[in-house]
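The lines below spell out each chain.
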Amino acid sequence: MYEAAFFLLLLLLGYGFGRLAERRHFARLVVREREMNTLPAIASRYPPTDRAYAQHLVGGNVVVSSDYFKSFVAGLVNIFGGRVAPYESLIDRARREAVLRMKDEAHGLQATYVFNVKFETTRIAVGRTGAMEVLAYGTAMIPSTGDS
Amino acid sequence: MLISNLEFLPDRKVMRHLGLVQGSSVRSKHVGRDIAASFKNIFGGELRGYTELLHDSREEATERMLEQARSIGANAVLNVRYSTSSIAAGAAEIFVYGTAVELDG
Chain V
1 MYEAAFFLLL LLLGYGFGRL AERRHFARLV VREREMNTLP AIASRYPPTD RAYAQHLVGG
61 NVVVSSDYFK SFVAGLVNIF GGRVAPYESL IDRARREAVL RMKDEAHGLQ ATYVFNVKFE
121 TTRIAVGRTG AMEVLAYGTA MIPSTGDS
Chain A
1 MLISNLEFLP DRKVMRHLGL VQGSSVRSKH VGRDIAASFK NIFGGELRGY TELLHDSREE
61 ATERMLEQAR SIGANAVLNV RYSTSSIAAG AAEIFVYGTA VELDG
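Heads up: the sequence lines are chains V and A, in that order. Following my numbering, the numbering of the first sequence begins with 1 at its first residue and continues without gaps. Following my numbering, the numbering of the second sequence begins with 1 at its first residue and continues without gaps.
Keep in mind the hints are simulated off the structure, nothing from the lab. Keep in mind the model is a prediction, meaning the values are calculated, not measured. Be a bit skeptical, because a hint or two may be false.
A few chain A positions that, by computed beta-carbon distances, are all more than 12 Å from chain V [said to hold, decoys possible]:
1) M15
2) R16
3) G19
4) Q22
5) S24
6) L47
7) T51
8) E52
9) S57
10) R64
11) E67
12) S71
13) I72
14) G73
Taking CB as the label site, the calculated pair distances span [as the list claims (entries may be wrong)]:
15) A/S71 to V/F6: 53 to 61 Å
16) A/S28 to V/Q110: 34 to 42 Å
17) A/R81 to V/F6: 43 to 51 Å
18) A/R16 to V/Q110: 28 to 36 Å
19) A/S85 to V/Q110: 31 to 39 Å
Every residue gets a Cβ at the ideal spot worked out from N, C-alpha and C, and that includes glycine.
Excised from the complex, chain V in its bound form (with noise of 0.2 Å):
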């Protein structure tokens, strides 16, 4: 009985916070994409060549979690199989979360593009749910003063 409840309270909390985090972050997310909307990553191996560059190579990396909720549904779907949509937004936010992390590194260095972007991920053990790592890295192209 004691052992149902606190199933369903550990449910509540983390179908509660989980939410929660999820709508703030994504918020947010939306805001700094606009702000760093003027520092394009691109996916491209060939370098613009219309000026001088310098180049430095940047990342961002972030771990995140999953919450009570969506381990318990995303279990239920592993059953019968098919999407499972609490995950996907996870490892999205995860992934615009790394991307922004790297475009504030360039920004940092004063580069204007991040040429050449991979994503990598990584299941990293954590307990009993587990986490996951998403690490985007490119190269910054910073434009050389002097010339034009």
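Let chain V serve as the given structure and place chain A on it in line with the hints.
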């Protein structure tokens, strides 16, 4: 030392290829962080301790790679790639590799 994941730089010429250089680092976090992380597993969210840990680990691996590049007389490392594997419960290996080159200028 120039470090980039581009394969070539439009306005620099590669004078010499010096071969593959690499660096790696295996780290795990202390128990306190693990306990904090298990709470996070209920509420969800970012595990800042782990983010920092992996960030520092990556910096260390990169520094090791650069050290190797310096020792063979390179002034740049191109086509740098990262690789992360979780090798045991609570430990992750960061591996970074690239091509050491000598650029003109």
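Handout entry: Ascending list of hint numbers which this structure does not respect
Key = Going through the list in order, the structure violates hints 6, 7, 8 and 9 and respects the others.
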